[in-house]
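Residue numbers (the numbering used here), protein chains in the order written: chain A, 276 to 556; chain B, 2 to 303; chain C, 190 to 573.
A few of these clues could be false.
[What the hints assert, rightly or not] Pairs of lysine-lysine, DSSO-like flavour, derived with a Cα cap of 30 Å:
(1) B/K145 - A/K410
(2) B/K237 - A/K543
(3) B/K23 - C/K264
(4) A/K410 - B/K237
Derived by calculation from the structure, the hints in this document are not laboratory data.
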Amino acid sequence: MTSRLDKPAISLSRLAIHAVLLFAVLLYLVPLVVMLLTSVKTPEDIGSGNLLSWPAVVTSIGWAKAWATVSGYFWNSIMITVPAVLISTALGALNGYVLAMWRFRGSQVFFGLLLFGCFLPFQTVLLPASFTLGKLGLANTTAGLVLVHVVYGLAFTTLFFRNYYVTIPDALVKAARLDGAGFFTIFGRIILPMSTPIIMVCLIWQFTQIWNDFLFGVVFSSGDSQPITVALNNLVNTSTGAKEYNVDMAAAMIAGLPTLLVYVVAGKYFVRGLSAGAVKG
Amino acid sequence: MTTATAQLRASPLDAVQRWLPKLVLAPTMVIILVGFYGYILWTFVLSFTTSTFLPNYKWAGLAQYARLLDNDRWWVASKNLLVFGSLFIGISLVIGVLLAILLDQRIRREGFIRTIYLYPMALSMIVTGTAWKWLLNPGMGLDKLMRDWGWEGFRLDWLIDPDRVVYCLVIAAVWQASGFIMAMFLAGLRGVDQSIIRAAQIDGASLPRIYWQVVLPSLRPVFFSAVMILSHIAIKSFDLVAAMTAGGPGYSSDLPAMFMYSFTFSRGQMGMGSASAILMLGAILAILVPYLYSELRNKRHD
Amino acid sequence: MATLELRNVNKTYGTGVPDTLKDIQLAIKDGEFLILVGPSGCGKSTLMNCIAGLESISGGAILIDGDDVSGMSPKDRDIAMVFQSYALYPTMSVRDNIAFGLKIRKLPQAAIDEEVARVAKLLQIEHLLTRKPGQLSGGQQQRVAMGRALARRPKIYLFDEPLSNLDAKLRVEMRTEIKLMHQRLKTTTVYVTHDQIEAMTLGDKVAVMKDGIIQQFGTPQQIYNDPANQFVASFIGSPPMNFVPVRLREQGGRVLALLDSGQARCELALGAASQGFDGREVILGIRPEQISLGAGGGDGLSLLRAEVQITEPTGPDLLVFVTVNQTKLCCRLAPDISCQVGDTLNLQLDPARVLLFDAQTGERLHLARHAAPLQDNVAHIAGR
Chain A
276 MTSRLDKPAI SLSRLAIHAV LLFAVLLYLV PLVVMLLTSV KTPEDIGSGN LLSWPAVVTS
336 IGWAKAWATV SGYFWNSIMI TVPAVLISTA LGALNGYVLA MWRFRGSQVF FGLLLFGCFL
396 PFQTVLLPAS FTLGKLGLAN TTAGLVLVHV VYGLAFTTLF FRNYYVTIPD ALVKAARLDG
456 AGFFTIFGRI ILPMSTPIIM VCLIWQFTQI WNDFLFGVVF SSGDSQPITV ALNNLVNTST
516 GAKEYNVDMA AAMIAGLPTL LVYVVAGKYF VRGLSAGAVK G
Chain B
2 MTTATAQLRA SPLDAVQRWL PKLVLAPTMV IILVGFYGYI LWTFVLSFTT STFLPNYKWA
62 GLAQYARLLD NDRWWVASKN LLVFGSLFIG ISLVIGVLLA ILLDQRIRRE GFIRTIYLYP
122 MALSMIVTGT AWKWLLNPGM GLDKLMRDWG WEGFRLDWLI DPDRVVYCLV IAAVWQASGF
182 IMAMFLAGLR GVDQSIIRAA QIDGASLPRI YWQVVLPSLR PVFFSAVMIL SHIAIKSFDL
242 VAAMTAGGPG YSSDLPAMFM YSFTFSRGQM GMGSASAILM LGAILAILVP YLYSELRNKR
302 HD
Chain C
190 MATLELRNVN KTYGTGVPDT LKDIQLAIKD GEFLILVGPS GCGKSTLMNC IAGLESISGG
250 AILIDGDDVS GMSPKDRDIA MVFQSYALYP TMSVRDNIAF GLKIRKLPQA AIDEEVARVA
310 KLLQIEHLLT RKPGQLSGGQ QQRVAMGRAL ARRPKIYLFD EPLSNLDAKL RVEMRTEIKL
370 MHQRLKTTTV YVTHDQIEAM TLGDKVAVMK DGIIQQFGTP QQIYNDPANQ FVASFIGSPP
430 MNFVPVRLRE QGGRVLALLD SGQARCELAL GAASQGFDGR EVILGIRPEQ ISLGAGGGDG
490 LSLLRAEVQI TEPTGPDLLV FVTVNQTKLC CRLAPDISCQ VGDTLNLQLD PARVLLFDAQ
550 TGERLHLARH AAPLQDNVAH IAGR
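Only chain A is shown next, with the shape it has when bound in the complex:
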């Protein structure tokens, strides 16, 4: 992306622009730097220095302690996130395929309901959902959380795929039907191979959403089945014993690293997901 408003104007104003942008970069980075610095300091060091002072000794105590505390929950998060992401994406793809290419009487109305569902505050469904999980015997289990995330992720994943598939010309499906292909053949042989970008967007969006979720985690799980966000919150907000900020920060980084990593590796899809999910939703 080059172009823009022609000729680099007067160098002074451009210098100012760069200065502002650079300053903003620093501001955005400060919390991450502080987290990293604090996490490798000793508690004494934290007490004597300040946020940005260089650690007297770089130590991994904080990280080790944090990992020992949250590792179990980290795996919980993985056990919840991976199946929930895969299932909701797969269902979303099929739903989007139907809503975009096999419309029937009422499918548009349903799409409207679905679109609306993307915006609903989850607070309005928490209680009935917890009753239901209890009835199903899934309360306080990772399986229960997977189910909840699949159900409440479906609206978004369906929206992603539907909006992507409506841009594919109808003629493609018509041609395939005349060639003798049926519903699933068309999906598997023609539509799915074209869907790589939107699959990436959807996977990353769902991964970020589910990994970062706190509300469902705190409501529908307890003790050993909690995801890492809940565990982190418990760790940070516990009032017993001396505060170990290095451990807090290390734990926070452990909780944040997977999504951060995904963002760095597949940032393009992440941004597209945000805007597709947000702007169009």
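Chain A is already provided as a structure; the job is to place chains B and C on it using the hints.
Quick look at chains B and C alone, frame taken from chain A:
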């Protein structure tokens, strides 16, 4: 009649094919209808009952709503939402637009800068809250840093100040979301027809003027979407409060989402919690309905 | 190879909305090339989708080889279609695109290979077989799309505006090629277009559609020379037919039309007197090429003097515009005629070719033809 006889001759496989789309969509339809709309109705019903620790269906009329509106904590939470929401939305928009316009000036390393601005959006609100709780720690956070750097009179103890704690939430939330608003506007700016800008330049307009009078007005839809998303984040904000302040000191930094959670699940006030959830839904609908209406109307004109 | 018959085909999207197709009735013989032509929204593409089975019909019947296929799914109708957007499967190679339908039908691999080779040779796309559609030019994609349709040797080919995405030059080339292909393969074909030149050049039969109704069904020559109404007359032909409002008068057992160019007037004798034409206001239709320059020095009575207002040399022709009865009249003259704006020309309208339309309904009006020699047709001229 003709079609009827023709249908008879169609093979059973064709009939399956004809039903497949509906069959495939059916589970999701059930899930959405029950899990979204059915459950909302359920919550709605609960809000009219005397439910406390366990749900019961004893009719209480509007009593829960009356109790809610009589509850000082609910009003603090609502007022906080208003302050938090308007500041968060306003500041995020200003920063986002400004950074987008500056980044739109053919900056080298634009991709890298953009990546930095946007990374907080990938983090959980819990992580953000934890980080900012530490940064804003009175006595050890920025408070001390500034004094160490020579600003002797600097005090930053908002986190424990009931009157100012809500600004702490604003700072953290802006840090997280403003980069995303930047990305939205940058995309919008890239979509602006270059010939409009050329025409304005030929007319002799200065660059700031072109942006203010020509470019930004054409980004109205982006503004609407951005406000929509930000208010959505604000109303649903729960994790941030939980991680940063847990509603404290006292309940001075409560938001409705936090209120709903603690009354429903910790204090055994299911009826009142449900009533608060329904009011939250009402707030979202008040923003959402006009937005969707204008969106759909525009689409019809396409 | 097959015949196609549509019996009272109706298509509606529900009560309240106007029917998309109304009582479509037509039949073509084995090997014929049928053109469905009309402005956008006239229902021609819907009709094609109904023939293909991609949309269901609300009433009537579609018969292929005499069998009612109305309720059959597209794959059982043995039909192939070429789309305007080509609709090539983007993730498959050209070879796989052509072979897809054959694979679905579970043909043995050897037969598939043979068929792909045959089609590729026919369309001269052998060198493209390993490429993806995205790597092909518009014309090449068009060929592949046709190849995919040819590969199954279906009973009927459907073409849905296949040339409209091509640039002008390529369009003419491909048009010729489609015609050549049809002459060689003699497959029953239905071809949808909004381009009247394609309709005239390609079709054995043409159905002109408007508002879901077939306005006229016939050979290109019938459509051109003997249009059923003013819409058909205006839609076919370029530059389009002139329509001049005239008042009719009966005199001496003949019907006369009064023309006034501002410089001169003439009364054109159109045919034998018929009931109800005297004093009637009608629309007179005449094609630009049916207007010629009157022979210099003739009897003078057969000519209408008119002042040239615009000239448009197109290369093969010279289009000259004059005003008659306050209406612009286009005349298609030989290019070598020297003629300037402001010149006065002696125009001769061929009364035998003149058509009359009802001023309100646009329906064609018929007079009993007069057999009198040409010179006598201009009965009266009043100079100014």
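Evaluated hints:
Of the pairs offered as hints, the one joining B/K145 and A/K410 is violated, with about 52 Å between alpha carbons and a cut-off of 30 Å exceeded. For the suggested pair B/K237 and A/K543, the alpha carbons sit about 26 Å apart, so the restraint of at most 30 Å is met. Taken as a hint, the B/K23 and C/K264 pair is honoured in the structure, with Cα atoms around 20 Å apart against an allowance of 30 Å. At most 30 Å may separate the alpha-carbon atoms for a hinted pair to count; A/K410 and B/K237 meet this at roughly 27 Å.
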